[in-house]
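Start from chain F and add chain A according to the hints.
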Amino acid sequence: GAVVSQHPSWVICKSGTSVKIECRSLDFQATTMFWYRQFPKQSLMLMATSNEGSKATYEQGVEKDKFLINHASLTLSTLTVTSAHPEDSSFYLCSALQNGGSASGGPEETQYFGPGTRLLVL
Amino acid sequence: KNQVEQSPQSLIILEGKNCTLQCNYTVSPFSNLRWYKQDTGRGPVSLTIMTFSENTKSNGRYTATLDADTKQSSLHITASQLSDSASYICVVSDRGSTLGRLYFGRGTQLTVWP
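Chains as they are written, first to last, in this note's numbering: chain F, 1 to 122; chain A, 1 to 114.
The shape of chain F in the complex, shown without the other chains (with noise of 0.2 angstroms):
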C-alpha cells in the first residue's frame, strides 16, 4: 500500500514556542492532504483540508492563525503549531489522498494515514 511518512514522532517544547509538523506522500502524488487531531480514547477530529497551491480549508472552530498550513509540493504538507499552549498538546494525524482517488467515494481505499505526531507543550 501506499506510505505516508509524519516528522517529527513525537516533540516536546515549551509553552509559547512554535512547532512545524511534516506530512510527506512517500510513493504517490497527493494535491489533497488531511490534518487530524486526536485526544486520548477520542475519535479523529478533521482540522483542515489541505490543497497543493492553494490555501487550507479549516473546520469550524479551529483557528488558521494559529494552526498554519502550507501544501508547497504534491508530496509534502506541513502544519505550524504557532505560539504552543499546554492544551495543543495532542497526537496530530495527517493523511493523503491518492491523485485520482477520492476520500468520500468508491470501494477502494485511496486515502493513507501517517504514523502521528505526539506534541507535548509544556
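Mixed in with the good hints, there may be bad ones.
What the hints assert, rightly or not - Below 27 angstroms or equal to it, Euclidean Cα-Cα: the simulated BS3-like pairs (lysine-lysine) are: (1) F/64 / A/71; (2) F/20 / F/66; (3) F/41 / A/71.
Just so you know, the hints here were simulated from the structure itself, not pulled from any lab data.
Just chain A now, kept in the frame of chain F:
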C-alpha cells in the same frame, strides 16, 4: 446530526477467541463504511471498505458486515492474536462533494490476552 457510535467502548478477550465489534451510524446520505485498525501511537490502517450494495467483506481474519437499511455494521475477528490488540475505528463517509466527508467513531479498544 451525522454520528457514528461504536460498541463496546473496550473489550478484553483471550487469544484464540472470536469477537464482534458493532457500529451504528446516522450519516446520510451514505457513500461507504470503513473499518480501520489503529495501534497505540500510530496512524489508522484500513481493513475493509464497503459500499451501499455490499453486505459483507473479508480481509483475512477480519470480516465486516453492513446492513444499510438499519445503518449497522459489525467487524468480526476470528481466532484472535495478541497483535490484534488495538483500537478499531468505524468510519462512514457521505456523498457530499467530490471529496465528501468522513465521520469517525470513537473506536473500540480491543485487548487480547495470552
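A quick look at each hint next to the structure:
At roughly 35 angstroms between alpha-carbon atoms, residue 64 of chain F and residue 71 of chain A are farther apart than 27 angstroms, so this suggested pair is violated. In summary, the hint linking residue 20 of chain F to residue 66 of chain F is supported, as the alpha carbons are separated by about 12 angstroms, within the 27 angstroms threshold. Pair hint residue 41 of chain F plus residue 71 of chain A holds up; C-alpha atoms about 24 angstroms apart against a cutoff of 27 angstroms.
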